[in-house]
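Residue numbers (UniProt numbering), protein chains in the order written: chain A, 1 to 223; chain B, 1 to 223.
Because the hints were derived from the structure by calculation, they are not lab data. Be a bit skeptical, because a hint or two may be false.
Because identical chains share one entry, a pair is satisfied inside a single copy or across any pair of copies.
Unchecked claim - No farther apart than 30 Å at their CA atoms in a straight line, the calculated lysine-lysine pairs in the BS3-like style are these:
1. K220 <-> K209
2. K141 <-> K215
3. K141 <-> K131
4. K112 <-> K68
5. K156 <-> K184
6. K31 <-> K191
7. K77 <-> K67
8. K31 <-> K215
9. K198 <-> K66
10. K112 <-> K184
11. K141 <-> K66
12. K141 <-> K67
13. K184 <-> K209
14. K66 <-> K184
15. K209 <-> K66
16. K31 <-> K141
17. K156 <-> K198
18. K81 <-> K109
19. K109 <-> K67
20. K67 <-> K198
21. K198 <-> K68
22. K67 <-> K31
23. K109 <-> K66
24. K209 <-> K112
25. K122 <-> K215
26. K191 <-> K156
2 protein chains.
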Amino acid sequence: MKKELLADYFNEKRGGIEMLGNMSVTDFLEKTASNDPVPGGGSIAALSAATAAALTEMVANLTIGKKKYVEMEEEMKEVAKTLLAAREELIRDIDKDADSYDQVMQAFKLPKETEEEIDERKNAIQEATKKAALVPLEVAKKAFGLMEAIEMIVVKGNQNAVTDGAVAAMMARTAVLSALYNVKINLGSIKDAAFVEKVSGEVTELETKIEVIEKQILSKVQL
Amino acid sequence: MKKELLADYFNEKRGGIEMLGNMSVTDFLEKTASNDPVPGGGSIAALSAATAAALTEMVANLTIGKKKYVEMEEEMKEVAKTLLAAREELIRDIDKDADSYDQVMQAFKLPKETEEEIDERKNAIQEATKKAALVPLEVAKKAFGLMEAIEMIVVKGNQNAVTDGAVAAMMARTAVLSALYNVKINLGSIKDAAFVEKVSGEVTELETKIEVIEKQILSKVQL
Numbered sequence: 001m002k003k004e005l006l007a008d009y010f011n012e013k014r015g016g017i018e019m020l021g022n023m024s025v026t027d028f029l030e031k032t033a034s035n036d037p038v039p040g041g042g043s044i045a046a047l048s049a050a051t052a053a054a055l056t057e058m059v060a061n062l063t064i065g066k067k068k069y070v071e072m073e074e075e076m077k078e079v080a081k082t083l084l085a086a087r088e089e090l091i092r093d094i095d096k097d098a099d100s101y102d103q104v105m106q107a108f109k110l111p112k113e114t115e116e117e118i119d120e121r122k123n124a125i126q127e128a129t130k131k132a133a134l135v136p137l138e139v140a141k142k143a144f145g146l147m148e149a150i151e152m153i154v155v156k157g158n159q160n161a162v163t164d165g166a167v168a169a170m171m172a173r174t175a176v177l178s179a180l181y182n183v184k185i186n187l188g189s190i191k192d193a194a195f196v197e198k199v200s201g202e203v204t205e206l207e208t209k210i211e212v213i214e215k216q217i218l219s220k221v222q223l
Numbered sequence: 001m002k003k004e005l006l007a008d009y010f011n012e013k014r015g016g017i018e019m020l021g022n023m024s025v026t027d028f029l030e031k032t033a034s035n036d037p038v039p040g041g042g043s044i045a046a047l048s049a050a051t052a053a054a055l056t057e058m059v060a061n062l063t064i065g066k067k068k069y070v071e072m073e074e075e076m077k078e079v080a081k082t083l084l085a086a087r088e089e090l091i092r093d094i095d096k097d098a099d100s101y102d103q104v105m106q107a108f109k110l111p112k113e114t115e116e117e118i119d120e121r122k123n124a125i126q127e128a129t130k131k132a133a134l135v136p137l138e139v140a141k142k143a144f145g146l147m148e149a150i151e152m153i154v155v156k157g158n159q160n161a162v163t164d165g166a167v168a169a170m171m172a173r174t175a176v177l178s179a180l181y182n183v184k185i186n187l188g189s190i191k192d193a194a195f196v197e198k199v200s201g202e203v204t205e206l207e208t209k210i211e212v213i214e215k216q217i218l219s220k221v222q223l
């Protein structure tokens, strides 16, 4: 019951709305700037990760077909394919984050007249908030996962585009940390202690590792 | 003469092309990922800065009209206006960076038959490369300039949106450093030693300061 209700609210609110990825860059930023809380930092984290994937893909594409890099040809083709898939998924995550936020808002609007309703509403809020923590956690992991490809293209890719690899590394780092802020703010409202403990551990590990990896990649950028 | 020639090439190449800011987010990233070097890291730096401006503006807009923050009302309205102007300028810089890169490419295509042509081509390349260094330097300065507003909204703005301020700080930091990579790679091809020295000094100063300011702002984010 609860889930159906949520789904109704949800469809009503976002059913007619354009996918964020289909909006123009200008309109998307206009919508970000407005006093509507979505898209917010979580969606921007996904966008930042998608941008990192795109830039890395570009460096791979600028390496493919170049005589000087013929030995890297197959590796570059393979990584470009993986990056394309990651980019497409991350673009969908721009909406997914906004949707998960909307679902929390809708759960708060559930009726709270009877005791049963109050309980159902509490549960719905908890479930929606867990989802609102897990969506950016997934984005953080995906952005983190880009670092291996970024390091590879910085070292083996077309050196004329090496700064684009550096930019990709920084965009991915910012995507990871931005997504993790959105995990943490949701954890504060979750009562399931085991869930909070498990997710907190993952957050801390990703936060620590990503800063080290970013520095490591940037140290390999030769200008 | 040289400049007119460049302008012709330029109009031919980009005249019929849609403004990058008018493309959908998905198409913009598709174009980034392609084996066309533009848009590249320089345009992404401008986009990242525009995103930071938009998120900061959102926090200001989520503060305006709230009883709890009535004392900040005027300050928030003022900063929102400044941020809107910065965002619009930075969206235009996405194209400006791509254009400056194209102009370098066009200068390389100038005729080099006679000695006069060879000299003119060399000068054109040097001038275009200087511009390709100065455009991202301007973006870096604009992104750096956002940090004051970001710190203000993190401290005084709606605390429910404080993580959006944190994301804005990291997006602006990444914008500054990304733009500076694009300055540095161009400096390597510029023969005017005085120009290189002056710009290098500015780069180093911005690089050092931005990391400190980012950490300072993030330390003020209370979760």
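When the structure is checked against the list of hints, which entries are broken? Sort them ascending. Checked against the structure, the hints that fail are numbers 6, 9, 11, 12, 15, 17, 18, 20, 21, 24, 25, while the rest are satisfied.
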